[in-house]
Amino acid sequence: MNAYNIVISLHDKRKKKKLLLLCLNKALLHTSKLCRYRKSSSNISSFNNSSLLICNEKEKDGSRDNSILSDVKKKSDFIQYVFKWGIGNKFRSDPENRYHPVHLHRSKEVTIRKSYFESVNKNIKYEDLNEQWEVFWFENNKLNAKPFPVKKYGIETAKREAFKFYESLKAENRVNTKPQYESEVEGVHYDVVTNCWVSFYRLNNFPVCRSFSAEYHGFETAKRMAIDRVNKHKK
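Mapping of the sequence shown onto the working numbering: residues 320 to 554, in sequence order.
These aren't lab readings, by the way, just hints derived from the structure by calculation. Computed from a predicted model, the values in this text were never measured in an experiment. In this text, a Cβ means the ideal position worked out from N, Cα and C, and glycines have one as well. Take these hints with a grain of salt, some might be off.
[Claimed, not checked] Simulated pairs of lysine-lysine, BS3-like, Cα-Cα distance not exceeding 30 Å:
| # | residue 1 | residue 2 |
| --- | --- | --- |
| 1 | Lys478 | Lys551 |
| 2 | Lys542 | Lys478 |
| 3 | Lys465 | Lys497 |
| 4 | Lys478 | Lys461 |
| 5 | Lys461 | Lys433 |
| 6 | Lys483 | Lys403 |
| 7 | Lys478 | Lys444 |
| 8 | Lys483 | Lys497 |
| 9 | Lys403 | Lys433 |
| 10 | Lys427 | Lys461 |
| 11 | Lys461 | Lys444 |
| 12 | Lys553 | Lys489 |
| 13 | Lys497 | Lys409 |
| 14 | Lys483 | Lys542 |
[Claimed, not checked] Across the chosen pairs, the derived CB separations fall in these ranges:
| # | residue 1 | residue 2 | range |
| --- | --- | --- | --- |
| 15 | Glu453 | Glu491 | 35 to 45 Å |
| 16 | Gln499 | Asp396 | 21 to 31 Å |
| 17 | Leu448 | Arg417 | 44 to 54 Å |
| 18 | Lys409 | His508 | 43 to 53 Å |
| 19 | Val504 | Lys403 | 21 to 31 Å |
| 20 | Phe455 | Ser395 | 46 to 56 Å |
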């Protein structure tokens, strides 16, 4: 019995020690509400900081993506372009089916190649005002031109038809070299567009220009008239 009592007394002593240690820990630890709030606020601030870091990283990634896209667009062979007079097709190429009234704007934005407005032939040019491809050639010592509007034929067809027409002119030997006309008199020039000899002189200190039609007077007669007019008013 004595041994049993000794064991129980030892067990009770151990329990008392544990209880004493627990009480001491509770007394030493500061677990006020303020401390709890401080802990929670620190957690929130750390969470906010981490979220800000994540947002900044996303913004950086977004800016990188935008810069990459802009670089891709710069290197792209296509551009956005607005044809203000509209875009034709095979149906519109028939004169009976053209747009009416023709002077109204029919703006249409499309994606085209950057090289669309470039021409390897100096006699075929794109005219921006009327949005048309024009073919120029000299025939019978006179400059001629024929337009191929985008609003009538379409974007690619207008350019293709212009080149096709120029090839047909060459096949028919209708393309001549640019004529060179010189009067050897200062102030007298030949205008290939109007087919006129033009004289420039001053009358009472005012500049004056007079044209003499080669079609009406004849080529040599118009030239002589222009020279005579300049010589008459020379000082």
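Each hint, compared with the structure:
1. Lys478 x Lys551: Violated, at roughly 49 Å.
2. Lys542 x Lys478: Not OK: lysine 542 and lysine 478 at ~39 Å, beyond 30 Å, violated.
3. Lys465 x Lys497: Distance ~17 Å between lysine 465 and lysine 497 Cα, so the pair holds.
4. Lys478 x Lys461: 24 Å, holds
5. Lys461 x Lys433: At roughly 34 Å apart (the allowed maximum being 30 Å), lysine 433 and lysine 461 break the hint.
6. Lys483 x Lys403: 25 Å, holds
7. Lys478 x Lys444: 9 Å, holds
8. Lys483 x Lys497: Between lysine 483 and lysine 497 the Cα gap is close to 21 Å, so the pair holds against 30 Å.
9. Lys403 x Lys433: 18 Å, holds
10. Lys427 x Lys461: Judged against 30 Å, a Cα distance of about 37 Å means the pair is violated.
11. Lys461 x Lys444: Given that 30 Å is the threshold and the Cα spacing comes to 18 Å, the pair holds.
12. Lys553 x Lys489: 45 Å, violated
13. Lys497 x Lys409: 34 Å, violated
14. Lys483 x Lys542: Violated. Lysine 483 to lysine 542 sits at ~37 Å, over the 30 Å cutoff.
15. Glu453 x Glu491: 35 to 45 Å: 19 Å, violated
16. Gln499 x Asp396: 21 to 31 Å: Distance hint for glutamine 499, aspartate 396 is violated at roughly 41 Å.
17. Leu448 x Arg417: 44 to 54 Å: Roughly 18 Å apart at Cβ, these two residues miss the hinted range, so it is violated.
18. Lys409 x His508: 43 to 53 Å: Once the Cβ atoms are compared, 44 Å apart, the range 43 to 53 Å for histidine 508 and lysine 409 holds.
19. Val504 x Lys403: 21 to 31 Å: Given about 46 Å between the Cβ atoms, the range is violated.
20. Phe455 x Ser395: 46 to 56 Å: With a Cβ separation near 32 Å, phenylalanine 455 and serine 395 fall outside 46 to 56 Å, so the hint is violated.
When held up to the earlier numbered hints, the structure conflicts with 1, 2, 5, 10, 12, 13, 14, 15, 16, 17, 19, 20 and fits the remainder.
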